[in-house]
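Listed below are the residues making up each chain.
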Amino acid sequence: MNIAWYIVLSALLFTTGAVGILIRRSPMVILLCLELMLNAGNLALVAFSRMVGNGQGQVFAVIVMVVAACEVVVGLGLIVAIFRRRLPLNVDDLRELRG
Amino acid sequence: MEAVLFFLAAIGALGGAVGVIAARNPFFSVLALIVHLFSLAVLFLLLTSAFVAAAQVVVYAGAVMVLYVFVVAYVGGGGESAWEPIPGQRFLAPLLAIALFVELSVAVLGSALTALDTKGPDVPAGFGDPAAIGRLLLEKFLLPFEASSILLLLAAVGAIVLAARRREGDAA
Amino acid sequence: MSATAWCWLVLLFPLAGSITIALGFKALPAKVTGAIGTLAIGLAFACGIAALLNLLGDSPEARHHASSLWDYASVAGLDIKLGIFVDPLSVFMVLVVTGVSTLIHLYSFGYMQSDEGYRRFFSYLNFFVFSMLLLVLAGNFVLLIVGWAFVGFASYALISFWYRRETATRAGMKAFVINVVGDIGLVLAAFLIFRELGSFDYGTVFERAPEAFSTNGWTITAICLLLLVGAFAKSAQLPLHTWLPDAMEGPTPVSSLIHAATMVTAGVYLIARTHALFVLAPTAADIAAFVGLATLLVAGTIALVMTDLKRAIAYSTMSQIGYMVVGVSIGAYSAGMFHLMTHAFFKALLFMAAGSIIAARANEQNIDKMSGFGKAMRFTAATMLCGSLALAAFPGTSGFFSKDEILAYASARGGMYLIFTVLGYLGALLTAVYTFRLVFRVLPGKPCPEAQELIDTGHVHHAHPFNPASGEEEDTDVGFPGPDHHIAEQSAPMRVAMGVLAFLALFAGFVQVPGVDEAITHFLDPVFADSPLAEIVPSVGASWFGLAIGAVISLAGIGIAYFLYVASPESPRRLEARFRGLHTFLYNKWYFDELIDVLVVRPALAVGRFANRVFERFVVDGLVTGTEGTVRGASGVVRAVQSGFVRSYALLLIAGFAGLALYFLLTSS
Chain A
1 MNIAWYIVLS ALLFTTGAVG ILIRRSPMVI LLCLELMLNA GNLALVAFSR
51 MVGNGQGQVF AVIVMVVAAC EVVVGLGLIV AIFRRRLPLN VDDLRELRG
Chain B
1 MEAVLFFLAA IGALGGAVGV IAARNPFFSV LALIVHLFSL AVLFLLLTSA
51 FVAAAQVVVY AGAVMVLYVF VVAYVGGGGE SAWEPIPGQR FLAPLLAIAL
101 FVELSVAVLG SALTALDTKG PDVPAGFGDP AAIGRLLLEK FLLPFEASSI
151 LLLLAAVGAI VLAARRREGD AA
Chain C
1 MSATAWCWLV LLFPLAGSIT IALGFKALPA KVTGAIGTLA IGLAFACGIA
51 ALLNLLGDSP EARHHASSLW DYASVAGLDI KLGIFVDPLS VFMVLVVTGV
101 STLIHLYSFG YMQSDEGYRR FFSYLNFFVF SMLLLVLAGN FVLLIVGWAF
151 VGFASYALIS FWYRRETATR AGMKAFVINV VGDIGLVLAA FLIFRELGSF
201 DYGTVFERAP EAFSTNGWTI TAICLLLLVG AFAKSAQLPL HTWLPDAMEG
251 PTPVSSLIHA ATMVTAGVYL IARTHALFVL APTAADIAAF VGLATLLVAG
301 TIALVMTDLK RAIAYSTMSQ IGYMVVGVSI GAYSAGMFHL MTHAFFKALL
351 FMAAGSIIAA RANEQNIDKM SGFGKAMRFT AATMLCGSLA LAAFPGTSGF
401 FSKDEILAYA SARGGMYLIF TVLGYLGALL TAVYTFRLVF RVLPGKPCPE
451 AQELIDTGHV HHAHPFNPAS GEEEDTDVGF PGPDHHIAEQ SAPMRVAMGV
501 LAFLALFAGF VQVPGVDEAI THFLDPVFAD SPLAEIVPSV GASWFGLAIG
551 AVISLAGIGI AYFLYVASPE SPRRLEARFR GLHTFLYNKW YFDELIDVLV
601 VRPALAVGRF ANRVFERFVV DGLVTGTEGT VRGASGVVRA VQSGFVRSYA
651 LLLIAGFAGL ALYFLLTSS
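Residue numbers (the numbering used here), protein chains in the order written: chain A, 1 to 99; chain B, 1 to 172; chain C, 1 to 669.
Just so you know, not all the hints are guaranteed correct.
Some residues of chain C that are not near chain A, with every Cβ distance over 12 Å (derived) [unchecked claim]:
hint: 1; residue: G77
hint: 2; residue: E489
hint: 3; residue: D530
In silico SDA-like cross-links for lysine to any residue, where the CA-CA straight-line distance does not exceed 20 Å [said to hold, decoys possible]:
hint: 4; chain 1: B; residue 1: K140; chain 2: A; residue 2: F60
hint: 5; chain 1: B; residue 1: K140; chain 2: A; residue 2: I63
hint: 6; chain 1: B; residue 1: K140; chain 2: A; residue 2: Q56
hint: 7; chain 1: B; residue 1: K119; chain 2: B; residue 2: V4
hint: 8; chain 1: B; residue 1: K119; chain 2: A; residue 2: V8
hint: 9; chain 1: B; residue 1: K119; chain 2: A; residue 2: N2
hint: 10; chain 1: C; residue 1: K375; chain 2: C; residue 2: T457
hint: 11; chain 1: C; residue 1: K369; chain 2: C; residue 2: E473
hint: 12; chain 1: C; residue 1: K31; chain 2: C; residue 2: A16
hint: 13; chain 1: B; residue 1: K119; chain 2: A; residue 2: A4
hint: 14; chain 1: C; residue 1: K369; chain 2: C; residue 2: Y587
hint: 15; chain 1: B; residue 1: K119; chain 2: A; residue 2: V64
hint: 16; chain 1: B; residue 1: K119; chain 2: A; residue 2: V66
hint: 17; chain 1: B; residue 1: K140; chain 2: A; residue 2: V64
hint: 18; chain 1: B; residue 1: K140; chain 2: A; residue 2: V66
The set of hints was computed from the structure by calculation and includes no laboratory data.
Just so it is clear, CB atoms sit at the ideal spot from N, CA and C, and this is done for glycine as well.
Only chain A is shown next, with the shape it has when bound in the complex:
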């Protein structure tokens, strides 16, 4: 398959993740959709790495995975802390920062 197929697939997965973030209200699911978008990015990176012919894109993808792992850790820690404080796990109810 042409590289273009991979790129278009990556775009599709990215936008699916975006829709998920905008639609869902549970912080858990929003984090999962974030993972979707990150992975779509990884796919694009690896595809381009294959297209160019050196491994730099893949290294980038590995680093992205590391970052995603850290972000998941922190995000889940936040969710656990919110749950411990008996606050509603609902992004719409946690809205005190507003004008």
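Assemble the complex: chain A is given as a structure, and chains B and C must be docked to it using the hints.
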């Protein structure tokens, strides 16, 4: 053969993605994501990136998803109410996403990068091997490598701080 | 050094004194500031004498020098220098101002001793002298206006010196507002002069004036009338005179210096200085003379019934300045200036004596409540008598020679001007009567309780501090008069000052005896030589005849006062009962204050109210609040974006990203 694999993996990825965003129960979303990650690993293999595929399965689907499973089991999580407090969100979100997808596709398909139409150049045998990635990590990308290790350390410390119990019991 | 250099020093010393006292306000002890203030003016007087001697070294025609420090504005046809003009007239005024000011500073050294604002007083007083000297020495109209305005400010600051008294602050505002009206006239006159003659400099203006204007033309008459507006406001002539009696709210040295000897004579100086313009507009000069005459008579009649000691003397000042204005308007320039000098001496002395008596009477200023101070305070009584004799033009005193010289000139000019002579003598009669009314009321007779206390114990009576005008009780804090009262008998500086002035009041007239030695006329002649009116000189015989009539009238007036107030004390009450309406009319100062209130003050307040209620609320506030409302509304709309919903932020993010991508797609293809 390759095309068949591509389409199977693509369907798996897309199905997993749709499952993530559509499932009522967060546990099912996590499972859908695991499926999605495995499909992506197949796609990586199709792109001769063996190490990345392995890392995807081991790190992502293995470690990160296990974290998710633990937290979902702890937190639980029911469904969400159907009522949408933000007016126009349910309507605008898919619209914008479709617009974005169209733009990205146009950008890719109409771009001047002719290499996109090929399967890529012929690559040497060790392309995507751990050795090649390792060499790149330790030679050319040493700084990002070290930086990401520090980031991992910070994240670990941060997670412990976030989830720690307070001295006098849990202050609400 | 040249005369102009001495005159720059004359300006420097009072300014330096004022600034030094002001800067050392907290640091310097009170007595030191008093000494600095007095010394500064004393030095200025010494420099004035030096300038005089220097000037006398020149030949009479060459006795005018201009000197400038730097160019103040030299742009677009304007050429204004910071320059002074030294000639006999300005040196004369410098000597009178600095001389009398030194004595008054000396008097204040003792009189204001217990006042909390002692240092502020001397700083203001020095600043006033500086401004007056600036006015007098100015070499162009711009600097004249600067000095004029400074003098107005100094007067305001000193009238409202006891600033916690509401009557004092109101009086200060009244004086300032009326003076501003005069300032407007003066400034407009300066503009017109510049437009017609192209310069502000005295020398240039007076040279070009005869060629540029035809006699009695519209422009020159307008200029002179505007100058008169300024002069009348500053010199308290009708109808801009209502501020002067209220200005008696200030401390007595202030009344003595500013409102008797110096500031109120600024108008007279102005008319004398610009006599070249008035010569070209005889109508304006005649108007000035008639206004002076009217003031003379009106003020004299009011002084007859005034019961407040200081206000009676203030009306007397107004009346005497009327004489001076008449003098310099009809052409008796040196006579008018001579009367200015003698009036400065005896009026300052009268105010000083009045201050001493009021202090003995513990701030009471009503002569109905004073009597018998002749026995209690001999020195004050003696000096008050000297001053009153001079004011009433008793034969041989300085006032005698000066007042009658003006009237002799008027009769020498003849024609219509005989009115001035006749009515001037009537005014002299009134002057003698009201002056000795005051003397006979306050000095002889049975001592009032306070005077008795002074005779018996030698202590000055100490009462609760109160406001003499409104009677309300006060404090002795800053902004009020101090707790102690100082009388001349107990204060050496006061005695020295009053003694010197008494001597001058009695004997200073002998420098200008007709036919014998006309020192002032000879000295001032070169200044006025260009005026055709200066050639009219009354013959010596006519002068002595006038002096004789003046003597008779003065003695008659004193006699009438003696009859009314000593010989048959019930006569004033019977007269008052007979002429009740007239008495009320005079007592209410010819209702001028009420007239001005109706004509000017009420319409101004109505305009202010209209501006506040209608214009301010709807137009100005509407604009401002409307803008504010618009901004607030717009920001309310914008604020709605900050909803707190993370998902709407994310939506905006994605939308922005989509928009950006679209833009790049469109621009790249």
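Exercise. Hints broken by the structure, by number, lowest first?
Worked result: 15, 16
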